[in-house]
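In my numbering, the protein residues as written are -8 to 333.
Check each hint, because a few of them may be wrong.
Straight-line C-alpha distance at most 20 Å; calculated DMTMM-like pairs for lysine to aspartate or glutamate [claimed, not checked]:
#1 Lys152 with Glu332
#2 Lys254 with Asp309
#3 Lys254 with Glu151
#4 Lys145 with Glu127
#5 Lys145 with Glu332
#6 Lys139 with Asp309
#7 Lys20 with Asp218
#8 Lys139 with Glu332
#9 Lys152 with Asp(-4)
#10 Lys20 with Asp51
#11 Lys108 with Glu120
#12 Lys254 with Asp(-4)
#13 Lys228 with Asp218
#14 Lys35 with Glu10
Because the hints were derived from the structure by calculation, they are not lab data.
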Amino acid sequence: MIRTDTTLIVGAGANREIEMPDGPDLLAKIAAGFEFDRLHSDVKSRDLVNLANLFERVSDEIGLSYDELVGGAMAIREATIVSTSIDAILEQYGHDPAVLAAGKLAIVYYTLQAESKSTLAAEPRAAGELPLRGTENWLYQLGQLIVKGVPRAKAEECFEKLSIVCFNYDRAIEHYLPWVVQRAFGMTYEESCELVAGRLRIVHPYGVAGRLPWQGDEENGATWGQDDPENIVQLSKRIFTASQRAASRQFQSYLRAEMSRGKRLGFLGFGFDPMNVAMLFDELEHDNPDMLISLVDIGEVERKAILRLIYRLTGITDESLITLENMKAFELLRDYGRFLES
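Go ahead and model the full structure; you've got the sequences and the hints to work with.
Now the structure itself:
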């Protein structure tokens, strides 16, 4: 059980542990799917055909023509050569409705596709298992930290000290945790979903590709593994740019509350992209939080640059408060488990 107020910031790098695309992977998939100059050739991908059909199907609902959506898609493809994330491209093209619409549709399309192909299954493959096998992933380690040592009578308290800020578009956390709670406390799946729905505090700064059925929003919902939803336009409206979030006082208040709640901040697969960092630390009001950071294959120069960035934005002067480890996200949660539980 996590006993000290902790905010976990989950970045795209953590997705590699559950075979979901990280930021560059997602952008590469979108760029490949937007090769519309190949649409009428013999060399075209299934995703390109699917996206072309999708644009035709939803153009009236979105209020943009098929050609306008294709134009937006081509602009995104051209911008990928000087970018590493779709988030940055949509921010750059915030003035262009066609780019925003095409980009958000593609984000939902590829996120739901990735969920359907992920090792995180819709439900456990056998009785007594979790939907994601193995322990060398951060979802398993997080679930263990949340429920470990909590009596069934106090199950509702297991999320009390935890907040999550997730920069990924998928619903992996929301999908996985009810199964953990079910196994830990011997609940029915419905009971565990109700507990997680009422207690889990999670923020997706760039939005999420739909809500799960237990979250009670059918219009904006999609089941795990559903890769061709009829309501994809509605789902795409749940994707946001940094500027759109900055203009929302309600969102800013929510993010500020969850960031400032944490006396400890844990960064899992978070690459410290300046746009994302600004969104986080502009809202940090807690003095000198402990920071645990996991990054894989980080060089010494990059390590120094990240630490300087943190010192400048947070005002932290005590170097002992920041621990930056060259390790995977699951290793950080596993090896620092005693500290995180204390």
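Distance restraint between Lys139 and Asp309, which requires alpha-carbon spacing of 20 Å or less: 31 Å, violated
Pair hint outcome, Lys145 versus Glu332 [Cα-Cα no greater than 20 Å]: 16 Å, holds
Distance restraint between Lys145 and Glu127, which requires alpha-carbon spacing of 20 Å or less: Not satisfied, since the Cα-Cα distance of roughly 28 Å exceeds 20 Å.
Holds or violated: Lys254 to Asp(-4), with C-alpha atoms at most 20 Å apart: 5 Å, holds
Pair hint Lys152 and Asp(-4), alpha-carbon separation not exceeding 20 Å: 4 Å, holds
Agreement of Lys20 and Asp218 with the hint, judged by alpha carbon distance not exceeding 20 Å: 15 Å, holds
Restraint status (C-alpha distance of Lys152 to Glu332 at most 20 Å): 10 Å, holds
Pair hint Lys139 and Glu332, alpha-carbon separation not exceeding 20 Å: 9 Å, holds
Restraint check for Lys228 with Asp218, where alpha carbons must lie at most 20 Å apart: Satisfied, since the Cα-Cα distance of roughly 17 Å is no more than 20 Å.
Given hint Asp51 paired with Lys20 - CA-CA distance at most 20 Å: 25 Å, violated
Lys35 paired with Glu10 [C-alpha distance capped at 20 Å]: 25 Å, violated
Hint consistency between Lys254 and Glu151 [alpha-carbon to alpha-carbon, up to 20 Å]: The hint holds at about 13 Å.
This entry does not satisfy hints 4, 6, 10, 14, going by the numbered hints stated previously.
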